[in-house]
Amino acid sequence: MKRIGSLLLALVLCVSMAACGRKEEGNGSSSGASSAPSGSGAPSQKLEGTVAKINLGADPKTLDPSLNSASDGNNVITNTFEGLLRDFGNGPEPATAEHYAVSDDGLTWTFTLREGAKWSDGQPVRAQDYVFSWRRTVDPKTASEYAYFLYPIQNAQEITKGEKPAEELGVRALDERTLEVTLAGPCDYFEELVCFPTLAPEREDVVDESGLWAKDPKKAVSNGPFYLTDYKLGSHLVLSKNPYYWDAENTKLDHVLCRMIVDASTILTSFKAGEIQWTDKAPTEEIPGLIASGELEVLPYISTYFYVINQNTPVEALKDVRVRKAISMAIDRQAICDMVTRGGQTPAMGYIPPGLTDDQGRDFRETAGDYYLAPTAQAAQAQALLAEAGYPNGEGIGTLEILYNTDDKHKAIAEAVQEMLKQNLGLSVKLVNQEWAVFQDTRNSGNYQALARHGWTGDYRDPQTFLDMFMTVGGAPNPQSGNMYQNEAFDALMEKALASTGAERYDAFYQAEELLMEDGYIIPIQYNVQTVLSSPKLTGWYLSSIGKLYLGRAQLEE
Amino acid sequence: MQNLWEFVDRSGAGAGEQPRESLTYWKDVWRRFRKNKLALVGLCLIVLILLLALVGPVLSSHSYSDQNLALGNIPPILRVTDLGQGSKIYVQESLYQIIRVTDKGEVLGPAALLKNDTIGRRKVFEVDGNEVTLDYSMVREAGSTKKYELYLNGSKVMGGSKTVLNRSNLLGTDKLGRDVLARTLYGGRISLLVGIVSALITMLVGVAYGGVSGYEGGTVDNVMMRIVDLLNSIPLMLIVILLMVVTNRSDVGIVILTISLVYWLPMARQVRGQVMSLKEQEFVLAAKALGAPKSRIIFRHLIPNAMGPIVVSMMMSIPQAIFTESFLSFVGLGVAAPAASWGTLANDALGGIRSYPYLLIVPSVAIALTMFAFNFVGDGLRDALDPRQRQ
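First to last, the protein sequences are chains Z and S. The numbers in UniProt numbering rise by one with no breaks, and the one at position 106 of the first sequence is 106. The numbers in UniProt numbering rise by one with no breaks, and the one at position 112 of the second sequence is 112.
In case anyone wonders, no lab produced these hints; they're calculated from the structure. Some hints could be false.
What the hints assert, rightly or not - Stretches of chain Z that chain S covers, calculated by requiring three or more beta carbons in the stretch to come under 8 angstroms of a beta carbon on chain S:
no.: 1; region: 263-277
no.: 2; region: 285-297
no.: 3; region: 414-425
no.: 4; region: 428-438
As the list claims (entries may be wrong) - The calculated DSSO-like cross-link candidates involving lysine-lysine, where the alpha carbons are at most 30 angstroms apart (straight line), are:
no.: 5; chain 1: S; residue 1: LYS294; chain 2: S; residue 2: LYS27
no.: 6; chain 1: S; residue 1: LYS147; chain 2: S; residue 2: LYS115
no.: 7; chain 1: Z; residue 1: LYS218; chain 2: Z; residue 2: LYS232
no.: 8; chain 1: Z; residue 1: LYS537; chain 2: S; residue 2: LYS146
no.: 9; chain 1: S; residue 1: LYS156; chain 2: S; residue 2: LYS146
no.: 10; chain 1: Z; residue 1: LYS118; chain 2: Z; residue 2: LYS252
no.: 11; chain 1: S; residue 1: LYS115; chain 2: Z; residue 2: LYS281
no.: 12; chain 1: Z; residue 1: LYS548; chain 2: Z; residue 2: LYS218
no.: 13; chain 1: Z; residue 1: LYS409; chain 2: Z; residue 2: LYS319
no.: 14; chain 1: S; residue 1: LYS146; chain 2: Z; residue 2: LYS281
no.: 15; chain 1: Z; residue 1: LYS272; chain 2: Z; residue 2: LYS46
no.: 16; chain 1: Z; residue 1: LYS409; chain 2: S; residue 2: LYS147
no.: 17; chain 1: Z; residue 1: LYS537; chain 2: S; residue 2: LYS147
no.: 18; chain 1: Z; residue 1: LYS409; chain 2: Z; residue 2: LYS430
no.: 19; chain 1: Z; residue 1: LYS409; chain 2: S; residue 2: LYS115
no.: 20; chain 1: S; residue 1: LYS146; chain 2: Z; residue 2: LYS272
no.: 21; chain 1: S; residue 1: LYS147; chain 2: Z; residue 2: LYS281
no.: 22; chain 1: Z; residue 1: LYS218; chain 2: Z; residue 2: LYS118
no.: 23; chain 1: Z; residue 1: LYS319; chain 2: Z; residue 2: LYS422
no.: 24; chain 1: Z; residue 1: LYS219; chain 2: Z; residue 2: LYS141
no.: 25; chain 1: Z; residue 1: LYS548; chain 2: Z; residue 2: LYS61
no.: 26; chain 1: Z; residue 1: LYS219; chain 2: Z; residue 2: LYS232
no.: 27; chain 1: Z; residue 1: LYS46; chain 2: Z; residue 2: LYS232
no.: 28; chain 1: Z; residue 1: LYS409; chain 2: Z; residue 2: LYS422
no.: 29; chain 1: Z; residue 1: LYS272; chain 2: S; residue 2: LYS147
no.: 30; chain 1: Z; residue 1: LYS252; chain 2: Z; residue 2: LYS46
no.: 31; chain 1: Z; residue 1: LYS141; chain 2: Z; residue 2: LYS164
Even for Gly, the Cβ is constructed at its ideal location relative to N, Cα and C.
All chains should be built: construct the whole structure from the sequences, respecting the hints.
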């Protein structure tokens, strides 16, 4: 029986790993499943030259740019593939495209590819490779989760819905080095968008439908600073320097060994033993000590940790906005940051995290303000609101349930919130946890009683990536919203934002966020940060605020 | 003729042999069980653990769910630094925080943070009107063994430190500032409930099923054992998920049901094997010849003879059930937080094993002691129940 038990454990772990990722934060293959598969394997052949060893986390589901939607896959694809532009924190800069021109109406973009841009097998990167890749992404047959990324491009939405053939996508190769993109409407963040791994080029002669080619070292061909040379399921993968890369002289690493260790405690042990030199995951409990000793770096992250209230809740009291606001106000966010998570997070009083700028260069968060929230609990005001709504001291509300996915951090926060609601409002709260894959399904179908955990990390640096999931899709709430949010006024504001540019667009975003917050269906808890353990020997790596690791310029001192 | 026969003196009848006290089966078992010292220790331990789990949470002044976020992660053993003028502090090394304590080890509360200089790696606290600076800049220096230095109003604290036991929370507090002792006692209730109840169900079902199957043999046995095989091939997880969907609830009852559903299978197999080998023996034939009904033969003759292995595997299944419960709580089945079983307590502590090992040690010791106790008792019972050792 014991053996069966551990086999099952491994099975569950595999399932949870395969299901985790997406851009949503907090897959939390937590310590509960510790001893199961971890990257113990060493590469099959000895690697020559400078080898950087990093930890990737779970084995990426796919490394195919069109199919990938998980952050671990992105970390590899960012290093193996290169889009038209790239962004290392100084805004989008030319990459495979040498330069580009935009028409006056902002709808036609012409990219000219670099002369020396080559694939890892020596063939030149052609404009047709981009056309092929983008068409493949929007093609409903490919079923890419990120097909909607290309919606700013003409006809993309219609193609994904199956209304038009993929050939009608607004992108064409004028010649081998010139790519012309026609947009469906003005798009302020299109430069940001082409940096994203989903928009990398692909080779028609190597790609297969299932995306298996990208994980097969014999088949994988890529155009970035590295290419895949070894892959062992659940253990490790090796990226080697691409000698044909146009900027190869600046690639200092010969190989990158990416291990796949999942358990945070094991990761820290491996890091201390020098088996890995870079990781973005460490045990929550050890983070304060690691920050103090300077081993752990806290980096900005465009990411928010929040709770959602189910709009279809069976709890009558929650239909009153005053009750929802009272719950939000009764939470001591500062205490959660300082005493529960302790990892450098900051209290969240609004939904959109800091670090996004509007058309005038102002920080979106600072400009939008804190609404009705404060870092510490406003117990008296919350109680007054609750009494005003007809539920003095929480009487008559009944027991509320908080749904979260199994993970130490989520559990600790939920327990703290439970106690705060009990102390400050007299509410009785029950905690319900589910395994990650089940949890996503339950939450995204609105199948929970009252509150659920949520987290969102930006795909690009624009408020749109945070707000568009609360828009209805064809009259139904977007499952990703998690709270079944439906508000015509919100939809109207978002439609307005998507159709406009500049100040008008951001005005609409400001109003949309205000409306979202005033509706009280989301309860911001904290703004996430990225925590990186990096060996002092490894320098020059870049981790963007949307969580992508670039090693093309990294160096290793011996 | 001389009478060679003499009448014996009646008064001396039976003087040679004392009438043996009549012993029932269970009295005999208890007599032999008592001789096994280790088993007795185990039994006492089980009684003690049960008492603690039942009465402990009532007697404890702390509740298992009351949080005090500011006083989280305080260990059971404190190193108290004397600042002079009666001020005593405890420095939380891994969090770089100062807690005010008394000489005896009572926790008074956190010291107010006046300044936090993250670049200079210094924190300034206020303790009884004095400024205490916690300087931890040396941790960055390679080869530094010291983790911090303390300054009182600018001058270095040289005062001695001594180690005392934490009087406020005997086994310390967890990361949300809850009393570990209260949580462990409370967790014992759930763990033991799950362990004992599911072991009993397992035994009852397994023995009845295996006994019938083994005794009947032939087609009945074949069908019954194929059903066991079939059930055995369904993974635990699937049963769990199905039960969750069907009953739409998740509590201790479901956990017990799940564990019983899975663990009665090996028990049934084992009993069947025992019964099959025993039923060929003469005493069964004798019972048959005397016209004993099947049920009497199975439950009065065969099962008591097979009791040894049954009891041992039942005792072993208790700690196994406790472990399974902690695994099930990982997938969201079982007691909902803040309630916790030993398994979930250990699970929660795993991430902080470097800085807060006591959080893992306490529930682990509880599980280990329970496991030892049940194993000893199981061993003792096996010897005591074996009819072949009857004297």
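Do the hints match the structure? See the list:
1. 263-277: Answer holds; 3 residues pass the 8 angstroms Cβ test.
2. 285-297: holds (count 7)
3. 414-425: holds (count 5)
4. 428-438: holds (count 7)
5. LYS294/S <-> LYS27/S: 26 angstroms, holds
6. LYS147/S <-> LYS115/S: 19 angstroms, holds
7. LYS218/Z <-> LYS232/Z: Given pair LYS218/Z, LYS232/Z holds - Cα atoms ~13 angstroms apart, limit 30 angstroms.
8. LYS537/Z <-> LYS146/S: Holds, at about 24 angstroms.
9. LYS156/S <-> LYS146/S: 14 angstroms, holds
10. LYS118/Z <-> LYS252/Z: 18 angstroms, holds
11. LYS115/S <-> LYS281/Z: The given pair, whose Cα atoms are some 29 angstroms apart, holds under the 30 angstroms limit.
12. LYS548/Z <-> LYS218/Z: With Cα atoms ~26 angstroms apart, LYS548/Z and LYS218/Z stay inside 30 angstroms; holds.
13. LYS409/Z <-> LYS319/Z: 29 angstroms, holds
14. LYS146/S <-> LYS281/Z: Holds - the C-alpha atoms of LYS281/Z and LYS146/S are around 26 angstroms apart, at most 30 angstroms.
15. LYS272/Z <-> LYS46/Z: 22 angstroms, holds
16. LYS409/Z <-> LYS147/S: Holds, at about 26 angstroms.
17. LYS537/Z <-> LYS147/S: This hinted pair holds, its Cα atoms lying about 23 angstroms apart.
18. LYS409/Z <-> LYS430/Z: Given that 30 angstroms is the threshold and the Cα spacing comes to 17 angstroms, the pair holds.
19. LYS409/Z <-> LYS115/S: Measuring from Cα to Cα gives roughly 27 angstroms; hence the hint holds.
20. LYS146/S <-> LYS272/Z: 19 angstroms, holds
21. LYS147/S <-> LYS281/Z: Within the cut-off at roughly 24 angstroms; holds.
22. LYS218/Z <-> LYS118/Z: 18 angstroms, holds
23. LYS319/Z <-> LYS422/Z: Holds - the C-alpha atoms of LYS422/Z and LYS319/Z are around 20 angstroms apart, at most 30 angstroms.
24. LYS219/Z <-> LYS141/Z: 22 angstroms, holds
25. LYS548/Z <-> LYS61/Z: The given pair, whose Cα atoms are some 17 angstroms apart, holds under the 30 angstroms limit.
26. LYS219/Z <-> LYS232/Z: 15 angstroms, holds
27. LYS46/Z <-> LYS232/Z: 15 angstroms, holds
28. LYS409/Z <-> LYS422/Z: Given pair LYS409/Z, LYS422/Z holds - Cα atoms ~20 angstroms apart, limit 30 angstroms.
29. LYS272/Z <-> LYS147/S: This hinted pair holds, its Cα atoms lying about 17 angstroms apart.
30. LYS252/Z <-> LYS46/Z: 19 angstroms, holds
31. LYS141/Z <-> LYS164/Z: 13 angstroms, holds
In the structure shown, no violation is registered for any of the earlier numbered hints.
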